[in-house]
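A.B. asks: In order, the protein sequences belong to chains A and B. All the letters of the first sequence, read from the start, carry residue numbers 57 to 333 under the working numbering. All the letters of the second sequence, read from the start, carry residue numbers -15 to 255 under the working numbering.
Keep in mind that the hints were calculated from the coordinates and are not lab data. Just so you know, these numbers come straight off a predicted model, no measurement behind them. Glycine included, every Cβ here is placed at the ideal spot set by N, Cα and C. Don't take each hint at face value.
[Unchecked claim] Here's a subset of chain A near chain B, in silico, CB distances under 10 Å, partners left out:
id : residue
1  : Tyr73
2  : Leu88
3  : Ser223
4  : Leu225
[To be verified] Below 30 Å or equal to it, Euclidean Cα-Cα: the simulated DSS-like pairs (lysine-lysine) are:
id : chain 1 : residue 1 : chain 2 : residue 2
5  : A       : Lys167    : A       : Lys193
6  : B       : Lys18     : A       : Lys167
7  : A       : Lys226    : B       : Lys137
8  : B       : Lys(-9)   : A       : Lys147
9  : A       : Lys281    : A       : Lys167
10 : B       : Lys137    : A       : Lys193
11 : A       : Lys281    : A       : Lys193
[To be verified] Far from chain A, some chain B residues (derived; all Cβ distances over 10 Å):
id : residue
12 : Phe16
13 : Leu119
14 : Tyr167
15 : Phe173
16 : Ala188
17 : Ser202
18 : Gly212
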Amino acid sequence: MQRKQRLSRNTAYFVPYILWILLFVIAPVLLLIYQSFFNIDGQFTFDNYVTYFSSSTYLMMTVNSVWYAFLITLATLLISYPTAYLLNETKHPQLWLLLIIMPTWINLLLKAYAFIGIFSQAGIANQFLSFIGIGPKQLLFTNFSFVFVAAYIQIPFMVLPIYNSISELKPSYVNASRDLGATNWQTFSRVIFPLTMPGVKAGIQAVFIPSLSLFMLTRLIGGNKVITLGTAIEEHFLTTMNWGMGSTIGVVLIIAMVIIMWLTNGNKRRSGKGLTK
Amino acid sequence: MKTRTFKWRNLYLWLVFIVLYAPIIFLIVYSFSKGTTMNNFHGFTWSHYQDLFADSRLIAIFLDTLLIALLSSIIATIIGAFGALGISNTTRPLTKNTLLSLNNILMVSPDVIIGASFLIFFTALKIPLGFGSVLLSHIAFSIPIVVLMVLPKVQEMSTSLLDAAADLGANNWQLLSQVVVPYIMPGIFSGFFMALTYSLDDFAVTFFVTGNGFTTLSVEIYSRARQGINLEINALSGLMFLMALILVIGYYFINQYSSRHRHAAVRGRRS
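This is chain A alone, in the form it adopts within the complex (with noise of 0.2 Å):
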C-alpha cells in the first residue's frame, strides 16, 4: 500500500497527459461554444441560434442529415449483422475479421475516388447495367450513391462490435433455446438478437455520429445534393468564413452526438457486460 503511494505521488509523467486533456479536449469544445455567440463581424449574439431555429433551410437541412444518417446506418446494419454472425460460424473467424477490417486501413478519399470511377457516366457500373440490359443511368451525384458508398465505408466498423458480442455469446443459451422447442426464428428473435444488442448499439454508434459529418462524401459522391450537418459545417468555416454559424451548427451536431450515444448506452448497466471487447 505505501508503496503503491509511492508511486502515485511521483506524477510527473501525467502531466503532458493532463495538458493534452485541458488544451484538446475542454478548451477547443468550450472555444466552440463560445465562438457561437458571435456573428460574422464578432460581435456577440444569440442571433445564430435564432436564425438556426427558425430558418426553414436549416431545419430541414438538419432533418435530411439526420435522414440520410438514418438510412446509412440501417444499410450497414442489414448487411453487417449476418455478416458478423456467419463469420463467427467460420474455422478462421480471426483472419476473416483482419479481412473485413483491411479495407479500413485504405485511404477513405481513395475508396471515395475509386466510386468516381465505378458511378461514372460510362463507368463500370453502368457497363454492367447496360449489359444485363437496363441501360446507363445516372448514378454518381445521387442519393443512393452517396448512401451506398457510406454504408460501403462504415461496414466494417459495424462488423467488429456486432461480431465481438456474438462471439462472447455462449452457445448453450442458443442450444438450451432449441432444446425448449423454438425454432431458428424465435431463437434469433428472442434470444441471440437481444443478447448481442450490446454490440449493435456500439455498432450504430460508430456509424450513425460518423454519417451525420462526412462532408467529402457529400461534395465527391453525392455532388452537394445532401447537405449533411458536416457538409455544412466546412462550408461556414472554410467557405462563407462565417464561423460563429458554422460553431452554431457544431453545437447542434455535438448535441446530436450526446442524444444518440445516451440513447445507444441507455441501459448498459442492465445488459451485464459492456461494449469493450
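Model the placement of chain B on the given structure of chain A, informed by the hints.
C.D. replies: Same frame as chain A, but now just chain B:
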C-alpha cells in the same frame, strides 16, 4: 442438406468480401491502364507510376504525410502510455471515470467537430496553420486510442510484480523501464500502429487546420478527385495499398510474436 446451407453461408461472406475489395482492386488495376479514364482497360503500362515518381510535388507531400504520421504517433504513444499509467494509478473511481470519459470525447466526436474546434483553438492562440498545427492535431486525436490500447495491459499487470521489483530494491525509474514498460509493450505497439493509421487516414481534421501552404496526401487526393479522374491517383492508390498491406502484416506479426512470446514466458515460468 447441411453442406448446402454451409455453402450459402460462405457465398454471402464471399459476396461481402468481394464488394469490400472490388473498388480497391478496380483502382489498382486501372493504375496500369494506358487510357486516361477508368472505363476501359487499354493495355498495360507503367507510365502512371513513372508520372507519379516524376511528380516532385506529390513526392514531397507523400514524405510530409509520412513524417507527420511517424512524429505524431511516436509523441502520442509516449503521452498516451504515460496517460494510461496515470489513469490506472488513480484511486478514486470518480476521478478515473471522469478521466476515461474525457479521454473518449475525441474518439467519438465527428471529425468535423474536431477540425472546426481545433481551427478556432489554433486561431485563438495565434498558432500559424501549417505543419505545426497539423502535427499538433494528429498528436491530439491519436492519444486516446493509444490510451485505450495500453490501459488493458496496465490493468492486467499484477501489483505483486511491482512489489517484488520494489522489494528487490528497484527505484521508480528501474521499476518503470525494466518492469512496467516491457510488460505493457504489446499494448504500446498496438497503440502506436493505430495512431499511425489514424494519422495516415485522416482527412477531415487535417483539411480544417492545414492552412494554405501545407498539404497531406488525403487533402491532395481530395482536391485532385474534385477535378475528376486522373490515373496518377490510381498509381498513388497502388502504392498506398502496398503500404497499408505492409503495415497490416507488420501489425499482425508483432501481435503474433508478442502473444507467443508472452505465452512462452508464462509457460517457462510455470515449469
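A.B. asks: Look at each hint and say if it fits the structure.
C.D. replies: Status of each hint after checking the structure:
1. Tyr73: Since the shortest Cβ distance to chain B is 3 Å, the answer is holds.
2. Leu88: With a minimum Cβ separation of about 4 Å from chain B (threshold 10 Å), the hint on Leu88(A) holds.
3. Ser223: violated (15 Å)
4. Leu225: violated (17 Å)
5. Lys167(A) x Lys193(A): holds (21 Å)
6. Lys18(B) x Lys167(A): holds (21 Å)
7. Lys226(A) x Lys137(B): Given pair Lys226(A), Lys137(B) holds - Cα atoms ~25 Å apart, limit 30 Å.
8. Lys(-9)(B) x Lys147(A): Cα-Cα ~13 Å, so holds.
9. Lys281(A) x Lys167(A): Answer holds: Lys281(A) to Lys167(A) is near 20 Å, not above 30 Å.
10. Lys137(B) x Lys193(A): violated (53 Å)
11. Lys281(A) x Lys193(A): holds (17 Å)
12. Phe16: Since the minimum Cβ distance to chain A is about 14 Å, Phe16(B) lies beyond 10 Å and the statement holds.
13. Leu119: Label holds. Min Cβ-Cβ 12 Å, cutoff 10 Å.
14. Tyr167: At roughly 14 Å from the nearest Cβ of chain A, Tyr167(B) sits farther out than 10 Å, so the non-interface label holds.
15. Phe173: The claim holds: Phe173(B) sits with its nearest Cβ about 16 Å from chain A, beyond 10 Å.
16. Ala188: Violated, since 7 Å does not exceed 10 Å.
17. Ser202: Given a closest Cβ separation of 5 Å, the condition is violated.
18. Gly212: violated (8 Å)
In summary, the numbered hints that this structure violates are 3, 4, 10, 16, 17, 18.
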